Structure formats: C-alpha cells, structure tokens
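Asks: Here is what each chain is made of, one letter per residue.
Protein chains: 2
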Amino acid sequence: MSQPVDSAVSAVRTYLAQHRAAFLDDLAEWLRIPSVSAQPDHAPDVRRSAEWLAGKLPETGFTTVEVWDTPGAPAVFAEWPSTDPEAPTVLVYGHHDVQPAAREDGCDSDPFEPVVQENRLHARGAADDKGQVFFHTLGVRAHLAATGRTAPAVGLKLLIEGEEESGSPHFRALVEQHAQRLAADTVIVSDTGMWSEDTPTVCTGMRGLAECEIRFHGPDQDIHSGSFGGAVPNPATAAARLVAALHDEHARVAVPGFYDGVVELTDSERKLFAELPFDEEQWLRTAKSHAAHGEAGHTTLERVWARPTAEVNGIGGGYQGPGSKTIIPSSAMVKLSFRLVAGQDPDHIEKVVRAWVTEQVPAGIRCEITFAPATRPCLTPLDHPALQSVVRAMGRAFEQKIRFTREGGSGPAADLQEVLGAPVLFLGISVPSDGWHAPNEKVELDLLLKGAETSAHLWGDLAETWRHAP
Amino acid sequence: MSQPVDSAVSAVRTYLAQHRAAFLDDLAEWLRIPSVSAQPDHAPDVRRSAEWLAGKLPETGFTTVEVWDTPGAPAVFAEWPSTDPEAPTVLVYGHHDVQPAAREDGCDSDPFEPVVQENRLHARGAADDKGQVFFHTLGVRAHLAATGRTAPAVGLKLLIEGEEESGSPHFRALVEQHAQRLAADTVIVSDTGMWSEDTPTVCTGMRGLAECEIRFHGPDQDIHSGSFGGAVPNPATAAARLVAALHDEHARVAVPGFYDGVVELTDSERKLFAELPFDEEQWLRTAKSHAAHGEAGHTTLERVWARPTAEVNGIGGGYQGPGSKTIIPSSAMVKLSFRLVAGQDPDHIEKVVRAWVTEQVPAGIRCEITFAPATRPCLTPLDHPALQSVVRAMGRAFEQKIRFTREGGSGPAADLQEVLGAPVLFLGISVPSDGWHAPNEKVELDLLLKGAETSAHLWGDLAETWRHAP
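Residue numbers (UniProt numbering), protein chains in the order written: chain Z, 1 to 470; chain S, 1 to 470.
These are computed hints drawn from the structure, not numbers from a lab. What you are looking at is a predicted structure, and each value in this text was computed from that prediction instead of being measured. One or more of the hints may lead you astray.
Identical copies carry no separate label here, and so any pair may be met within one copy or between two of them.
What the hints assert, rightly or not - Below, a list of computed lysine to aspartate or glutamate pairs in the EDC-like style, where the Cα atoms sit at most 20 Å apart: (1) 288 / 220; (2) 271 / 295; (3) 325 / 350; (4) 401 / 6; (5) 56 / 41.
Make the full structure from the sequences, and use the hints.
Replies: If you want it as structure tokens, here you go:
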C-alpha cells in the first residue's frame with residue numbers, strides 16, 4: 001500500500017481508539033431495549049428502540065431523521081447528503097428489532113443487560129443486528145475525522161427496519177411507498193456475517209424464496225380403510241408421490257422449467273468457494289444433520305449458496321395421534337419452499353410449479369395450490385466496481401485477503417434491489433459463533449471495530465469508484 | 001324342495017309369527033341400554049348390557065350362562081349342550097357394545113329409545129350388533145319347536161363380547177384364557193351384513209390387518225432451509241419417497257415378498273363376484289370418493305374383498321400450521337396399514353416390510369418401525385360343508401339364490417379361527433342402508449326375522465352335515 005493510504009488507515013484507527021468507549025456505551029444503551037418484534041408485549045420496546053436510534057443519529061450528523069410507521073413496527077430513516085452534487089448516494093440497510101431471548105432459554109446472563117467478557121459483547125442484538133447497524137455511525141465519524149470533511153463523501157441514507165425478525169411483512173410496501181426518498185446508487189446491507197474471525201469475507205448474494213402450500217382432497221370425509229382400502233385414490237399417497245417426484249435421481253429439482261435462467265457458477269467462482277477452509281464435519285455439526293446430501297456435481301457450499309433447491313417444510317394428512325386409525329384420509333397437505341438463485345424469476349417458478357403439480361395429481365384427487373409472496377434472489381457479480389470498493393475497504397481494515405461467500409437464506413435486501421433498481425452489497429463482520437437467534441448472542445469487539453473501520457474507508461472509495469465509472 | 005322341508009319351513013314360520021312381538025319387546029329393552037364401550041361414562045351401561053343378556057339367555061334354554069370379566073368391558077358366555085354326544089359344537093360370536101350415538105349427531109330421535117317405523121326398528125345397536133345376536137335366541141327356540149327337540153341339534157355356545165366397537169383390545173387374551181371352554185367345531189360370526197335386501201348373501205371371509213408406524217429422524221432439530229436447504233437429507237422427503245415407493249405402476253404393493261402365499265381368486269369366484277348387481281357409481285357415492293383406483297387387473301369388488309392392500313392412514317412432519325416456516329424438519333412419520341388376504345402371514349408381512357423400509361432409508365436418516373398387534377385374514381372355501389349348511393339354511397329362509405360376498409375389513413373373528421382352530425362362517429342379515437356407526441341406525445324387521453329363520457334351520461343342517469362328513 002502507498003503512503004497516503006497508510007496515513008488514512010492510521011488516522012481512522014486513532015479516531016476509533018479515542019471513541020470506542022463512548023460508542024460501546026451508546027450501543028449498550030440501545031441493546032438494553034428489548035425490541036423483540038415477534039412478541040406483541042414488546043411492541044412499545046420496538047418503538048422505543050426506533051426512537052432511541054432516531055434520537056442518536058443527529059449526534060452523528062445525519063441532517064434528516066424520521067421514524068416511519070408501518071402497520072407493524074416502525075422503521076428509522078435518516079439522510080446525510082454529500083456536499084459534492086456529483087457524489088453517488090448509498091443506502092445502508094439494517095434492522096433494530098431482535099429475536100426473542102430470555103434467561104430461561106439458556107442464557108448465561110440477562111440477554112438485555114449487555115456484558116463485556118474476554119473482548120466479546122454479549123447481548124441479544126449485539127451481532128444481529130444493532131451492533132452491525134451502529135458501527136456505521138462510528139465509521140462515518142471516523143471517515144470525516146480522517147479526511148477533514150464536514151459531510152460524507154457519498155450521500156448517505158439509512159433504512160433500519162423494525163420487523164426483520166418477524167419476516168419483514170410490511171417492508172416491501174414501505175420501500176415502495178418511499179421509493180423516491182430511498183433512491184440510491186447502491187445499497188449496503190449490514191445484516192450478514194463473515195466466514196470466520198481468521199477469514200474475512202464479503203457476501204455477494206442471497207438466495208430468493210418461493211413458497212407454496214398444496215392441499216390434496218380425496219374422499220369427502222375420512223373413510224374406512226377396510227371397506228374401501230385398495231380401491232380408491234388416497235390423498236396422502238398423492239401428496240407423498242408429488243414430494244417423491246420433486247427431485248430426480250441426481251437430487252436435481254425435477255419440475256420442468258425450474259432451472260430456466262439460472263446463472264451458473266463460473267469456474268473461477270467455484271475455485272474461490274473451494275479455497276475457503278471448509279470443514280464438512282464441522283458444518284454437519286452446525287446443521288445438526290447426520291449426512292450431506294444434495295445436487296450431484298456440486299459441493300456442499302455450492303449447494304447452499306449458489307444452487308436453487310426444493311424442500312418440504314411440512315407434510316400432513318390423516319391420523320397423526322398415538323396408536324392407529326384405519327382410515328383413508330380425506331385430505332393431505334404439503335408445504336414446499338424453493339430457494340432461488342440469480343436468473344430465476346419467482347413468477348416463472350410459480351407458473352412451472354403449478355403446471356407440474358397439476359400434471360401429477362391422479363384422477364379422483366382435487367388439488368389446491370397457494371403461493372405466498374416471493375422473495376427474489378440477489379447477486380452482485382465479483383467484478384462489480386462497488387463490490388470492489390467494499391473489498392478494498394475491508395482489506396484496509398483487516399489487512400488480509402478478502403474472500404467471497406454467499407448467503408443461502410433470503411432477505412428483504414432483494415426488495416431494495418428490485419424496487420430501487422440498485423445493486424446490493426453486503427458488509428457484515430459477524431462470525432458463525434456469534435449465535436444469531438440462539439442463547440448468549442455476542443459480537444467480537446475487535447470485529448465490530450473492524451466493521452466501523454471498513455465503514456470509514458468505504459464512503460471515500462465508493463465516491464472515487466463512481467467518479468471513474470464509465 | 002321336498003315335502004318334509006316345506007313343513008319344517010312352515011313350522012318355523014308359525015313359531016316366529018307367534019313369538020315375534022315378545023322377541024321385539026325383549027330386544028327393545030336391551031337396545032335401551034346405552035352400552036357404548038368407547039365412552040368411559042358408559043362403562044356401567046356396558047356391564048348392565050352384559051347382565052341383561054346373561055339374565056335373558058336362561059329363558060331361551062342355555063344351561064350355563066356366565067359374565068366374563070376382562071380388564072375392559074365384560075363379555076357374556078353361554079352354553080347349551082346337545083343331547084346327541086356325536087353332535088358338533090358351534091360357537092356363535094357377536095358383541096353387545098355399541099357405537100356412540102346422540103341426538104345432536106343428527107339422529108331423528110333418541111337413539112337409545114327404539115322406534116318401529118315402516119317395518120324398520122330404529123335404535124343404536126339394532127343391526128350392529130344386538131339385533132343380530134338376539135335373532136339367534138328366537139331362532140334356536142323355533143328350531144326346537146319345529147323339530148320337537150328339547151335341546152339344539154348341535155352343542156351351542158355363545159360368546160358375546162363387550163369391546164368390539166373399541167377394537168377388541170382384550171378379546172384375544174379372553175379367547176386364549178378360555179380356549180377349552182370355547183372349543184367348537186365351527187364358529188358362526190353374526191356381525192356382518194348382506195349385499196342388499198334383494199340379494200341375500202353369505203360372507204365367506206374377512207381381510208386381515210397389519211399396521212405400523214414409521215418414524216424418520218433427520219437433523220437433531222428443525223433447521224433453517226435457507227442455511228442448509230439443498231445440502232442435507234430431509235426426513236419428510238424420505239417419508240414421502242417411502243410412501244411413493246409402496247406401490248408400483250400397476251398399483252400393486254411393491255414390497256418384495258408381500259404377495260407370498262396369497263390365495264388367488266379362482267375364475268369361478270371372480271365370476272360369482274361379477275354376477276353381483278354392483279353399481280360402481282353408487283359404490284363411489286358410499287365411499288364419498290371421486291374415482292376408483294387400485295390394483296391393475298382386478299375389479300373394485302375384487303380389490304376390496306380379495307386383494308391385499310397398503311394404505312397410508314396418516315403422514316406428518318414439519319410445520320403444518322397456517323402460513324409458512326422455512327425449515328427442514330427434524331422428523332417425519334408415516335402410519336401404514338396393510339389389509340391381508342388368506343395365505344398371508346402377518347409375521348412374514350412384518351418381516352418383509354421391515355426389510356424393505358430399512359433398504360429405502362437414505363444416508364443420514366434414522367428410522368424406527370413399530371408394528372401393532374396384527375389381525376389375521378380368514379376365509380372359508382366356497383365348498384366347505386359348513387358353509388354349504390349356512391347357504392342351505394339361508395335359502396330356506398329367503399327362498400332365493402344365496403350369493404357370496406366377502407368383507408374388506410378385519411375383525412376379531414380371526415382370533416377365534418386361529419386360537420380355536422375352527423373354521424369361521426358369517427351369518428348376517430344387515431344391509432348397507434342400516435347405517436352402522438352412523439346416525440339413525442336401523443334394522444329391517446323382515447330381515448331380522450329371516451335371520452332368526454335361518455338360525456332355526458342352521459343347527460339341524462350343521463348336525464346333519466357333520467354326520468356325513470368324512
């Protein structure tokens with residue numbers, strides 16, 4: 001690295017060291033608010049959490065701060081324009097609500113009374129997601145201090161929602177409603193993690209999600225399996241046969257048209273995946289599963305990050321109580337979810353799944369299919385200039401080679417990508433041991449500060465990148 | 001028919017006409033006792049029903065009458081030896097407990113206050129099974145009156161259980177305990193029906209039943225379908241694939257060895273089935289099903305009466321509530337029942353099913369199989385001399401050609417066949433419209449009396465048959 005870079009790095013570090021204690025005090029205050037969006041009792045706390053953040057952001061320098069109500073929990077919007085009219089606008093996404101947590105669930109201490117031990121901050125929300133939202137406030141101040149600016153090098157917007165842990169039911173509508181005010185050239189999602197403490201990574205995409213429930217109706221009521229068994233179609237058998245037909249012998253999804261448009265991994269992407277220090281035994285322990293199984297010709301990482309899937313989330317029909325009941329059930333039900341990758345269109349998936357199901361249903365069985373609203377996949381190509389900015393900013397903070405991951409899950413980031421038409425980048429410093437959604441959630445303080453440090457370097461790099469973009 | 005037969009027929013009819021009113025009064029008294037074995041509140045009524053019958057049988061002439069206690073509801077045993085030491089012994093089986101019934105279920109009147117309307121006796125238990133037990137008391141008295149005997153031509157035993165509507169949980173043990181006292185040359189089961197009022201039939205067999213529950217264990221807990229979907233085995237998929245593999249493309253059970261020993265229908269049996277006035281549309285309405293489906297190469301009647309089956313009675317796993325939950329479930333469950341036909345051994349079925357299931361289970365899924373106690377199939381060949389006696393006795397009562405049916409269900413009759421080593425014959429006069437287990441159960445009075453008339457002719461015929469047996 002050249003001399004100017006080094007001096008910027010040390011200026012940022014100096015700022016962070018000086019403000020670390022106050023930053024952690026503020027974060028602890030926020031973490032004390034039990035903003036559990038899934039529990040109606042905590043609705044006032046979720047609002048208090050939004051108001052706390054809205055009260056804090058002007059201190060950072062945001063010039064506009066608003067609490068946006070939704071039919072559910074409120075979100076926080078903030079804006080801080082750049083002084084440079086040519087600068088790009090960046091929208092940071094995160095959430096201020098948290099998963100439920102209680103001492104009785106196995107927490108070693110009150111999950112809403114933050115504790116620092118061995119350089120780790122323990123509290124519900126420390127990593128998911130208050131800590132990762134809040135490091136940006138420290139990061140942008142360090143950016144100003146290190147560059148002598150009075151406003152960030154990019155136009156900065158924040159959208160911190162309050163219902164992510166409840167499935168973001170009103171997020172899409174909120175984004176559509178405020179699309180103009182949220183307009184941005186790129187979106188930074190800070191709600192993911194890295195490979196590990198030793199292997200800093202940038203996530204480049206999330207899978208999409210299409211979900212449906214299929215109900216199979218057979219006889220008008222449960223009927224006697226002695227009197228009628230062997231002579232009429234059984235809806236539970238029809239449901240099972242559909243599920244069995246969902247994958248072919250290579251564990252590929254057998255629905256015709258399902259893979260239409262799928263963006264295949266390039267050889268170099270597969271190579272990058274393969275370079276990660278992946279331990280399948282360890283992964284299976286995390287999965288609490290007793291074997292790996294999936295699409296032939298792909299590794300486990302490729303299967304969870306870059307391949308579309310079909311999974312049964314639930315199946316039911318007939319008698320499920322103790323003992324036996326000799327019936328042919330009147331109906332059966334299957335819940336399926338499809339994880340989608342870049343290039344797959346949820347509307348097309350719904351169309352081909354409906355056609356395929358209809359074709360499978362045997363005579364005498366009536367079928368109803370209901371699709372839930374889908375989430376689109378998002379993927380930023382490895383050579384995207386904004387992604388390269390994130391990689392450079394992380395590289396300066398971590399002083400290590402930055403590798404790439406993806407996320408197998410699905411999230412509201414895709415709504416931002418779709419409604420705002422902006423590429424989505426992921427900047428997260430959490431590690432798998434942080435215990436998202438589990439008892440004793442924590443964040444590594446060194447990594448949290450590296451997050452702030454990355455943030456401090458990112459805004460200038462993005463502005464520079466935009467200046468040189470074609 | 002020759003003159004002596006005619007005179008016997010008219011003597012029996014004269015007796016029945018004279019005693020019809022008293023018989024119906026007695027039966028009504030018994031029907032007023034709500035002997036619902038499935039409802040603990042009615043346990044005293046089930047006992048009262050047993051005691052009522054035990055009090056009534058000595059009036060008929062039975063010389064020994066006992067109430068046999070079980071760990072559940074009591075049974076009634078009665079005996080009336082023949083004066084001829086060479087005469088065969090016949091055991092009549094029926095049950096005195098009834099299905100639940102209440103006006104709120106859609107009964108037009110109190111189901112435990114018998115009503116005669118349009119020559120039909122309406123009451124819970126009128127057909128299933130008090131009426132069909134009780135016609136034997138009138139029949140055996142008519143037999144004595146018509147023949148001038150003081151004791152029946154055969155040694156007569158009755159075993160009338162009190163838990164049939166609750167699955168006969170203690171019946172097998174009761175029969176084993178009293179096997180010596182129950183010893184008989186043949187068993188008459190009066191707990192089935194005929195084809196229709198216009199088509200009198202004899203049932204020649206019931207299917208057996210083997211039942212199992214199979215549990216599939218995958219991940220140690222439900223896991224996230226985004227993080228792990230597509231890369232680990234899903235136990236709900238394993239359960240569905242097992243069910244899908246249960247039948248081949250001809251709807252035959254695909255478990256190797258399942259058909260071992262099956263007694264195939266002869267051409268003449270198939271012809272006899274085909275001669276019955278079967279209306280498949282009507283049958284589908286009764287089944288409340290919207291299509292017929294079953295083993296290729298067999299008619300619907302053959303499928304339900306004479307072919308073994310595999311049916312899913314229940315399937316379950318994962319999330320079955322409203323909406324969706326993006327999990328790979330930790331476990332799934334399937335309940336299967338197999339109807340068995342003559343020649344199939346439940347122990348062999350359990351063995352081949354266990355072997356087959358074990359072979360189907362994919363890596364990473366653990367499987368547990370639990371079998372319930374099985375019921376054996378029973379079948380009396382059409383040329384069996386005792387069956388011919390039943391056919392002749394019915395023929396004299398009905399003055400019509402007697403045809404043959406089978407019963408697709410399974411019952412404790414098989415225990416009698418197995419423990420006592422005696423052939424089982426079925427004598428029932430109930431018709432499909434009688435509404436077993438449904439609101440407004442009834443019995444046709446003319447048919448009930450034909451049952452008594454058949455009983456009156458049967459004992460002499462059986463004694464005669466045994467005299468000429470090799």
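Asks: Look at each hint and say if it fits the structure.
Replies: Cross-check of the supplied hints:
1. Taking the shortest alpha-carbon separations for residue 288 and residue 220, only the inter-copy value of 5 Å comes in at or below 20 Å, while the best intra-copy value is 40 Å.
2. In the homo-oligomer, the alpha carbons of residue 271 and residue 295 lie at most 20 Å apart inside one protomer (18 Å), although the nearest pairing across protomers, at 52 Å, exceeds that limit.
3. Taking the shortest Cα distances, residue 325 and residue 350 sit within 20 Å of each other only across copies (18 Å), while inside one copy they are farther apart (36 Å).
4. Taking the shortest alpha-carbon separations for residue 401 and residue 6, only the intra-copy value of 17 Å comes in at or below 20 Å, while the best inter-copy value is 108 Å.
5. In this assembly of identical chains, the alpha carbons of residue 56 and residue 41 never lie at most 20 Å apart, being 25 Å within a copy and 67 Å across copies at closest.
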